[in-house]
Amino acid sequence: MEFKEFLIKYAEIGTKGKNRFIFEDALMKQIRISLKKIDGKFEVNKENGRIYVEALSEYDYDEVIEALSHVFGIVGISPMIRISDNGFEDLKNTVIEYIREMYSDKNFTFKVNARRARKNYPMESMEINAAVGEALLNEFPEMKVDVHNPEVLITIEIRKNINIYSMTLPGPGGMPVGTAGKAMLMLSGGIDSPVAGYMISKRGVMLNATYFHAPPYTSERAKQKVIDLAKKVAVYSGPIELNVVNFTEVQLHIYDKCPHEELTIIMKRVMYQIAEKLARESGCLGLVTGESIAQVSSQTLQSLAVIDEVCGLPVYRPVIAFDKQDIVDIAEKIDTYEISIQPYEDCCTTFVAKHPVTKPNFNAIKRSEAKLDRIEELVEAALASVEKIIVE
Numbered sequence: 001m002e003f004k005e006f007l008i009k010y011a012e013i014g015t016k017g018k019n020r021f022i023f024e025d026a027l028m029k030q031i032r033i034s035l036k037k038i039d040g041k042f043e044v045n046k047e048n049g050r051i052y053v054e055a056l057s058e059y060d061y062d063e064v065i066e067a068l069s070h071v072f073g074i075v076g077i078s079p080m081i082r083i084s085d086n087g088f089e090d091l092k093n094t095v096i097e098y099i100r101e102m103y104s105d106k107n108f109t110f111k112v113n114a115r116r117a118r119k120n121y122p123m124e125s126m127e128i129n130a131a132v133g134e135a136l137l138n139e140f141p142e143m144k145v146d147v148h149n150p151e152v153l154i155t156i157e158i159r160k161n162i163n164i165y166s167m168t169l170p171g172p173g174g175m176p177v178g179t180a181g182k183a184m185l186m187l188s189g190g191i192d193s194p195v196a197g198y199m200i201s202k203r204g205v206m207l208n209a210t211y212f213h214a215p216p217y218t219s220e221r222a223k224q225k226v227i228d229l230a231k232k233v234a235v236y237s238g239p240i241e242l243n244v245v246n247f248t249e250v251q252l253h254i255y256d257k258c259p260h261e262e263l264t265i266i267m268k269r270v271m272y273q274i275a276e277k278l279a280r281e282s283g284c285l286g287l288v289t290g291e292s293i294a295q296v297s298s299q300t301l302q303s304l305a306v307i308d309e310v311c312g313l314p315v316y317r318p319v320i321a322f323d324k325q326d327i328v329d330i331a332e333k334i335d336t337y338e339i340s341i342q343p344y345e346d347c348c349t350t351f352v353a354k355h356p357v358t359k360p361n362f363n364a365i366k367r368s369e370a371k372l373d374r375i376e377e378l379v380e381a382a383l384a385s386v387e388k389i390i391v392e
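Take the sequence shown: its letter number 118 is residue 118 in the numbering used here, and every next letter is one higher.
Everything labelled a hint here was simulated from the structure, so no lab data went into it. Quick reminder that beta carbons are idealized off the backbone N, C-alpha and C, glycines included. Some hints could be false.
Think about it this way: if two alpha-carbon atoms lie no more than 25 Å apart in a straight line, the pair counts; the simulated DSS-like pairs of lysine-lysine are [as the list claims (entries may be wrong)]:
1) 277 <-> 160
2) 371 <-> 223
3) 366 <-> 388
4) 231 <-> 257
5) 277 <-> 36
Label pairs and their calculated CB-CB ranges [as the list claims (entries may be wrong)]:
6) 359 <-> 49: 52 to 58 Å
7) 33 <-> 76: 17 to 23 Å
8) 25 <-> 301: 51 to 57 Å
9) 354 <-> 333: 14 to 20 Å
10) 333 <-> 310: 18 to 24 Å
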């Protein structure tokens, strides 16, 4: 069956009270952006708490569903037919033809669910349910009614026009991107940080990203791996400005001057300082990382407390309490996992110590950092040489 219209369902947006229209408009904007990527002409509009996508030209159905299924804020996509109110007989006949075309095999249970948003319609909801249900049974005797657990739920919405649909495809949920500010994702080549970016973006946050590159210790393939991960996240978040920071001289200076068991903690503290400066320059309201408690030595509560001390912006960790398998499951869902496990190491794994400290002492870390006599100069040089890449 060829559909020309889609009903877009949302959930949490409906709780926003007087601000609801702001979130609806943001969702419509993201839908339009997503549909621009595919062939066809579409119109997106809203009417009395409903958002509709109407195809104004030929289009590929699967491409439309794929595009809409990556728009945060959508919980359901219902391909539907919409008719004018030309009386009940026209409605009944339209539903019959809809079922005839939609389902080649009529051997299923069903329920009719009519909703009257327009209360001046001459029949009540229960009357519509009974009359349409009876007409369907007469037309297709193999169909059976099941009001408790139907295989097919036929929904009829009586509004200005009448919507008819029986299928709702899942959307990603969340909130429309752009409704919750912008944050700086610290993106490595691992499994966790792309998942963290996806999850924070799902709550309506726009993303920039920072990647720390350490040539020749990390290769161009490692850099391309991170760009490829950013592309996967950008399918959901929209375009990402990726800052590639050359971190080699900073790392070597830390490696030469500081106890090796403290290397990861001190390197991360410097990374946070650099990411924070880039974040403030681009209007970001916080940093986002893929850290999960106790996953590695630098992610114990003690380590995270020492690392966070250096940062003046909030640090958001969406996967902080996730088991590794929880993170892997999401990575597979958003198609980042196979990229993340490619064997190209990032700068943290390249300079990791054999026996890193798991419970760093803040005063000891500060004493070690006091030996870094060129750190400010090297940080400024790293910031001056940042490569900015727009990832779409």
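Going through the hints against the structure:
1. 277 <-> 160: violated, 52 Å
2. 371 <-> 223: Violated - the C-alpha atoms of residue 223 and residue 371 are around 30 Å apart, more than 25 Å.
3. 366 <-> 388: violated, 32 Å
4. 231 <-> 257: Judged against 25 Å, a Cα distance of about 37 Å means the pair is violated.
5. 277 <-> 36: Not satisfied, since the Cα-Cα distance of roughly 34 Å exceeds 25 Å.
6. 359 <-> 49: 52 to 58 Å: holds, 53 Å
7. 33 <-> 76: 17 to 23 Å: Given about 20 Å between the Cβ atoms, the range holds.
8. 25 <-> 301: 51 to 57 Å: violated, 41 Å
9. 354 <-> 333: 14 to 20 Å: Between residue 354 and residue 333, where Cβ atoms are some 35 Å apart, the hint is violated.
10. 333 <-> 310: 18 to 24 Å: Since the Cβ atoms of residue 333 and residue 310 sit about 33 Å apart, the hinted range of 18 to 24 Å is violated.
Comparing the model with each earlier hint shows violations of hints 1, 2, 3, 4, 5, 8, 9, 10; every other hint is respected.
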